[in-house]
Amino acid sequence: MTAQANRSVEERMRAIEDRLEIYNIIASHPPSADTGGSEHISAGWVEDGVFDRGEDPTRGRAAIAEQVLSPGHQAAIAGGLAHFTGLPHVAISGDTAVVTSYLQIVVPQTQGDAVEVPNHGSSKGFRVHRMTANRWELVRTPQGWKIKRRTLRQLDGSEPARKILRQAIAR
Amino acid sequence: MTAQANRSVEERMRAIEDRLEIYNIIASHPPSADTGGSEHISAGWVEDGVFDRGEDPTRGRAAIAEQVLSPGHQAAIAGGLAHFTGLPHVAISGDTAVVTSYLQIVVPQTQGDAVEVPNHGSSKGFRVHRMTANRWELVRTPQGWKIKRRTLRQLDGSEPARKILRQAIAR
Amino acid sequence: MTAQANRSVEERMRAIEDRLEIYNIIASHPPSADTGGSEHISAGWVEDGVFDRGEDPTRGRAAIAEQVLSPGHQAAIAGGLAHFTGLPHVAISGDTAVVTSYLQIVVPQTQGDAVEVPNHGSSKGFRVHRMTANRWELVRTPQGWKIKRRTLRQLDGSEPARKILRQAIAR
Numbered sequence: 000m001t002a003q004a005n006r007s008v009e010e011r012m013r014a015i016e017d018r019l020e021i022y023n024i025i026a027s028h029p030p031s032a033d034t035g036g037s038e039h040i041s042a043g044w045v046e047d048g049v050f051d052r053g054e055d056p057t058r059g060r061a062a063i064a065e066q067v068l069s070p071g072h073q074a075a076i077a078g079g080l081a082h083f084t085g086l087p088h089v090a091i092s093g094d095t096a097v098v099t100s101y102l103q104i105v106v107p108q109t110q111g112d113a114v115e116v117p118n119h120g121s122s123k124g125f126r127v128h129r130m131t132a133n134r135w136e137l138v139r140t141p142q143g144w145k146i147k148r149r150t151l152r153q154l155d156g157s158e159p160a161r162k163i164l165r166q167a168i169a170r
Numbered sequence: 000m001t002a003q004a005n006r007s008v009e010e011r012m013r014a015i016e017d018r019l020e021i022y023n024i025i026a027s028h029p030p031s032a033d034t035g036g037s038e039h040i041s042a043g044w045v046e047d048g049v050f051d052r053g054e055d056p057t058r059g060r061a062a063i064a065e066q067v068l069s070p071g072h073q074a075a076i077a078g079g080l081a082h083f084t085g086l087p088h089v090a091i092s093g094d095t096a097v098v099t100s101y102l103q104i105v106v107p108q109t110q111g112d113a114v115e116v117p118n119h120g121s122s123k124g125f126r127v128h129r130m131t132a133n134r135w136e137l138v139r140t141p142q143g144w145k146i147k148r149r150t151l152r153q154l155d156g157s158e159p160a161r162k163i164l165r166q167a168i169a170r
Numbered sequence: 000m001t002a003q004a005n006r007s008v009e010e011r012m013r014a015i016e017d018r019l020e021i022y023n024i025i026a027s028h029p030p031s032a033d034t035g036g037s038e039h040i041s042a043g044w045v046e047d048g049v050f051d052r053g054e055d056p057t058r059g060r061a062a063i064a065e066q067v068l069s070p071g072h073q074a075a076i077a078g079g080l081a082h083f084t085g086l087p088h089v090a091i092s093g094d095t096a097v098v099t100s101y102l103q104i105v106v107p108q109t110q111g112d113a114v115e116v117p118n119h120g121s122s123k124g125f126r127v128h129r130m131t132a133n134r135w136e137l138v139r140t141p142q143g144w145k146i147k148r149r150t151l152r153q154l155d156g157s158e159p160a161r162k163i164l165r166q167a168i169a170r
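Residue numbers (numbering that gives the first Met the number 0), protein chains in the order written: chain A, 0 to 170; chain B, 0 to 170; chain C, 0 to 170.
Derived from the structure by calculation, the hints contain no laboratory data. Heads up, a few of these hints could be off.
Identical chains blur together in the list; that is why a pair holds if it fits in one copy or across any two.
Straight-line alpha carbon distances no greater than 27 Å define the calculated DSS-like cross-link-like pairs of lysine-lysine that follow [said to hold, decoys possible]:
(1) LYS123 with LYS147
(2) LYS162 with LYS123
(3) LYS145 with LYS123
(4) LYS162 with LYS145
So here's chain A without its partners, still in its complex pose (with noise of 0.2 Å):
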């Protein structure tokens, strides 16, 4: 956002409406996770797409949208699995962009006691079981930002994760 001055007003307003339209693409994650939003997923990846969860990644848009179908998942749905994604760093560099992000997967408690919170109810509380890095890699289309590549790591402790945040700051 530096060395504004060298940069027509077009621009700068799509630079701006990239951003935004890439906010709302991570923000539409949760959503289309917890719903099992096959759809709506395919039609955020670049065909050739690839989810690199840190083993055997999956490749192809339609392999990743299947995913959400399966039985686990559904199952993990039926459970009450929520996504929980916190404010993402967003670098674009011309028709490429990638994004950092933290993403919480949180489900019910389904052992130990309710606790009574005065005005909110009654409940065994929600775990966080995963917290995890992300990088997602989108490349401009004439059908706006897809994404072309998405690497998760578990922030435990290990090196993958921190990696991926370093990339982030990287200058």
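Dock chains B and C against chain A, hints included.
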């Protein structure tokens, strides 16, 4: 954000400013709920706004704003109430907008042992008391965007929360 | 974002770009804290910046940046430290800005049994170690927006955190 060629700079700029104004509305909800900021809440709604939490919706901005002044809500605040919102999905269409957001209610743990994290103190930790899906329907007014209806449902595996999320990604 | 009629396209565009630049500053904090990115942190502050965590504030960007290199902080990173920030509230006024944000510190659970979530692996889960309110005071510089003061308080029911939140919604 497509078909931008047909839109004037003024129209595009307004769409961007709408989006940013709405982000701040959503971001100001937790500070108002967690401090009992009834004046702020009242100013954020249209007069006949409806807050629907599943049964017996609260009707009218006066009633909605008064909720945070109740003894129960004040007790929750004194106990360490924290609303924590992720990145919301925002869809604007002319003078109306729909925001879909995930929201945690987080409170201090009162049971169990404290755990020490090096350089980050000792704490019993915090519990996620609630995890909800929220649909905010907003309207443009001469005084800015105002909330007309908020629908909140527990993300506990039941259908109503999924319905809210599904609407966000409907094509 | 009101009274736009009196503002030039250039002024409005700059306000938008300021906002987006500030979002990325806030979003880059967790990756820097969780990887010990002292250079990134140093570059984000004005030289005489102050980080106030409640007692004995850290003064100067060199001292602030060095904190993440301490043995204690490095041990926390090795244990799986994750800063998780929600959608911040941003108020810009000319060449200064105030950001109010909620921030979780999340770490892996080391006790208890692992729980399996279908299709989402097995884990002991993560604990929310801290839940804080943050006030970031920023200033515009020739090198972009920089942090001048950050005030962080525990959201444990005590007054100082509420004061930070109340300032965000003051009219």
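So, going through the hints one by one against the coordinates:
In this assembly of identical chains, the alpha carbons of LYS123 and LYS147 never lie at most 27 Å apart, being 39 Å within a copy and 32 Å across copies at closest. For a Cα distance limit of 27 Å, the shortest separation of LYS162 from LYS123 across copies, 23 Å, qualifies, whereas the shortest one inside one copy, 35 Å, does not. For a Cα distance limit of 27 Å, the shortest separation of LYS145 from LYS123 qualifies neither inside one copy, at 39 Å, nor across copies, at 34 Å. In this homomeric assembly, LYS162 and LYS145 come within 27 Å of each other (Cα to Cα) both inside a single copy, at 23 Å, and across copies, at 25 Å.
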